[in-house]
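*Asks:* As given, the protein sequences belong to chains L and B, one line each in that order.
Each residue of the first sequence is one higher than the one before, counting from 1 in full-length UniProt numbering.
Each residue of the second sequence is one higher than the one before, counting from 1 in full-length UniProt numbering.
Keep in mind that the hints are not guaranteed to be accurate.
[Unchecked claim] Taking lysine to aspartate or glutamate pairs in the DMTMM-like style, the calculated list, with each CA pair at most 25 Å apart, reads:
no., chain 1, residue 1, chain 2, residue 2
1, B, 100, L, 224
2, L, 3, B, 234
3, L, 3, B, 132
4, B, 218, B, 234
5, L, 253, B, 132
6, L, 209, L, 58
7, L, 102, B, 132
8, L, 3, B, 99
9, L, 211, L, 132
10, L, 3, B, 171
[What the hints assert, rightly or not] Quick list of simulated restraints, FRET-style, between CB atoms:
no., chain 1, residue 1, chain 2, residue 2, range
11, L, 190, B, 164, 34 to 44 Å
12, L, 190, B, 5, 12 to 22 Å
13, L, 273, B, 172, 28 to 38 Å
14, L, 57, B, 35, 46 to 56 Å
15, L, 200, B, 171, 51 to 61 Å
16, B, 164, L, 11, 19 to 29 Å
17, L, 241, B, 35, 32 to 42 Å
18, B, 63, L, 61, 42 to 52 Å
19, L, 47, B, 169, 52 to 62 Å
20, L, 200, B, 18, 28 to 38 Å
21, L, 204, B, 47, 50 to 60 Å
[Stated by the list, open to error] The following residues of chain B were derived to be distant from chain L, with all beta-carbon distances above 12 Å:
no., residue
22, 36
23, 74
24, 129
25, 186
To be clear, the hints were calculated from the coordinates, so they are not data collected in a lab.
All C-beta atoms, glycine included, are put in the ideal place defined by N, C-alpha and C.
Each chain, written out:
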Amino acid sequence: MEKTLNNRAWWLVAPVFFVVAFSAVVPLMTVVNYSVQDTFGNNQFFWNGLGWFGELLDPSTDLGGRFFAALWRNLLFSAIILAIEVPLGILVALSMPRDGWKVAATLVLMALPLLIPWNVVGTIWQVFARTDIGLLGWVASALGLDYNYTGNALHAWITIVVMDVWHWTSLVALLCYAGLKSIPDAYYQAARIDGASRWAIFTTIQLPKMKRVLLIAVLLRFMDSFMIYTEPFVLTGGGPGNATTFLSIDLVKLALGQFDLGKAAAMSLVYNLIVLAVCWVFYTVMTHAGSGRAETEIAQ
Amino acid sequence: MNRSSRGATLVMVLYLLFLMLPIYWLVNMSLKTNYEITSGVTLWPRAITFEHYIKIFTDSSWYSGYINSLSYVVLNTIISIGLALPAAYAFSRYRFVGDKHLFFWLLSNRMAPPAVFALPFFNLYSAIGLFDTPWAVALAHCLFNVPLAVWILEGFMSGVPREIDETAAIDGYSFPRFFVKIYMPLIASGIGVAAFFCFMFSWVELLLARTLTATNAKPIAAIMTRTVSAAGMDWGLLAAAGVLTIIPGALVIWFVRNYIAKGFALGRV
């Protein structure tokens, strides 16, 4: 469907443009403003040029070391949860019931964790993992494990990863399920006539059809895990030590905890630029995949 | 075939069990007395008590948190949908200068880390005198909810054939009248889904809501964390408050069950 060119459509978009600009651009300007200044308190600011950025991007300084440590930690976290949630989500989507009341019931139950306020997600796992009052912690220590998520960095990581898998795998599964539902029955019938194996059906029919939704799922999961704050903040507070201090937690500590405005602002900008760059890459791939699909459909 | 479907059932049962266990544990705890919670792990409440729920519903410092949360969430949903409807229509029907860039810019705001905006929002809303009001949080959440609503609604609107617009124009409908009388009923389910997701993402967010409120408009989620750190852990009360925050989502999810994927995927499925 070809859209008509009409520049008066801007009038319809203008309200959104102004509200989002007010919410996004004005605050970002404040951040840019802070990022080039230094303060000794009392609202006295001094021009500091690109000093904070230099310090931030140099891992040998305090600020830079802290930033890169949080960045690698966050990237590692995102990589781990993508490696678990994407295959698990696909598996769950393939195992969804086909019809009847079970579909609706499963959908509702699966979506439940997605609708829980993020700090309550943290609270749920905080109580669930405690060895004295929580089922998970109690079972772990009953099995003789020395499980302690507040004192042991590895245990804290495992707990946060399991929490995130619990919280977000359903999102991947729901998206994949939506992709699978769009496959016409005729494809499966043809595969059955050809005597295709279960694995062949998966790799040649189901996976290609899920490509688009998987792309969205990876984008959303990467972005949301890259800016994760509330859940680990409630569960571990970034500890033990700095073991689970991800980028957002570090930034909030710097900005609202220590009120180190210049450093925090420089970090905000670099953080935001990374997000923007990744977002752009995905958007380009997504629109290309979309237009590619449209072309093949026309060709058929 | 039979064997693989049995395997599928097993996967589903295990997965749902994994999802439900922590939630069950929270509900279980909210119905126990604090003495029972701290004196050892019990798999179900031995003496069911509703004292924690009664406390929340009778103590205004608790239930006002729910009212505060609901008021900014509802405000935000109304603002987001109201603004997004015409914009989504424009994106779904017309090409115009900068449309693709604008669409991407909106998406990038959905992805922006709230932590980046916490401090500037604090300054901004203090400066214009909205700090500690539901309006501050409602407007702040527009940052990600307006783009979300535009993307979801655009997805639904693209499914409506354009001939309807043209027929209405020939029949002499003015654009506003056509939009309200004919077009909006056609995409009613889309509006419902977009509203649900605006409601949800505003409801689950805490960082900005907590930063932009002090006492008068404090959301329930922030009240929960504060009371817990006060002298002595009132685990039962914490659990009951947590259970009550799950309920709004659980109540409406039934109505959007077939659109959940579409909503989470920003209307791109």
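*Asks:* Next step is simple, just say for each hint if it's right about the structure.
*Replies:* Verification of the hints:
1. In summary, the hint linking residue 100 (chain B) to residue 224 (chain L) is supported, as the alpha carbons are separated by about 23 Å, within the 25 Å threshold.
2. With a C-alpha separation of about 59 Å, the suggested pairing of residue 3 (chain L) with residue 234 (chain B) is violated against the 25 Å cut-off.
3. A threshold of 25 Å between alpha carbons decides the hint, and for residue 3 (chain L) with residue 132 (chain B) the separation of about 44 Å lies outside it, so the pair is violated.
4. For the suggested pair residue 218 (chain B) and residue 234 (chain B), the alpha carbons sit about 20 Å apart, so the restraint of at most 25 Å is met.
5. For a cut-off of 25 Å, the pair hint linking residue 253 (chain L) to residue 132 (chain B) stands: about 21 Å separates their Cα positions.
6. Restraint check: the Cα-Cα separation between residue 209 (chain L) and residue 58 (chain L) comes to about 44 Å, which exceeds 25 Å; the hinted pair is violated.
7. Taken as a hint, the residue 102 (chain L) and residue 132 (chain B) pair is broken in the structure, with Cα atoms around 45 Å apart against an allowance of 25 Å.
8. Annotation: proposed proximity of residue 3 (chain L) to residue 99 (chain B) holds, straight-line Cα distance about 12 Å (limit 25 Å).
9. In summary, the hint linking residue 211 (chain L) to residue 132 (chain L) is not supported, as the alpha carbons are separated by about 45 Å, beyond the 25 Å threshold.
10. Restraint check: the Cα-Cα separation between residue 3 (chain L) and residue 171 (chain B) comes to about 22 Å, which is no more than 25 Å; the hinted pair holds.
11. At about 36 Å, the CB distance of residue 190 (chain L) to residue 164 (chain B) agrees with the hint of 34 to 44 Å.
12. One distance hint, 12 to 22 Å for the beta-carbon pair residue 190 (chain L) and residue 5 (chain B), holds here, with the actual separation near 20 Å.
13. Hint check: residue 273 (chain L) to residue 172 (chain B), Cβ distance near 51 Å, so the stated range 28 to 38 Å is violated.
14. Against the hinted window of 46 to 56 Å, the Cβ-Cβ separation of residue 57 (chain L) and residue 35 (chain B) comes to about 55 Å, which satisfies the hint.
15. Distance hint check: the CB atoms of residue 200 (chain L) and residue 171 (chain B) are about 54 Å apart, consistent with the given range 51 to 61 Å.
16. In this structure the supplied range 19 to 29 Å holds for residue 164 (chain B) paired with residue 11 (chain L), their Cβ-Cβ distance being about 21 Å.
17. For the hinted restraint 32 to 42 Å between residue 241 (chain L) and residue 35 (chain B), the CB-CB distance of approximately 35 Å keeps it satisfied.
18. Range check, residue 63 (chain B) to residue 61 (chain L): about 49 Å between beta-carbon atoms, so the 42 to 52 Å window is met.
19. Judged by the Cβ atoms, the range 52 to 62 Å given for residue 47 (chain L) and residue 169 (chain B) holds: they are separated by roughly 57 Å.
20. For residue 200 (chain L) and residue 18 (chain B), the Cβ-Cβ distance of about 30 Å falls inside the hinted range of 28 to 38 Å, so the restraint holds.
21. In this structure the supplied range 50 to 60 Å holds for residue 204 (chain L) paired with residue 47 (chain B), their Cβ-Cβ distance being about 58 Å.
22. With a closest Cβ-Cβ approach of about 10 Å to chain L, residue 36 (chain B) is found to fall inside the 12 Å limit, against its non-interface label.
23. The non-interface label for residue 74 (chain B) is consistent with chain L: the shortest C-beta to C-beta separation is roughly 16 Å, beyond 12 Å.
24. Here residue 129 (chain B) stays apart from chain L, with its beta-carbon at least about 15 Å from theirs, past the 12 Å limit.
25. In this structure residue 186 (chain B) is separated from chain L by more than 12 Å, as the shortest Cβ-Cβ distance comes to about 16 Å.
Going down the numbered hints, you'll see the structure goes against 2, 3, 6, 7, 9, 13, 22, while the others check out.
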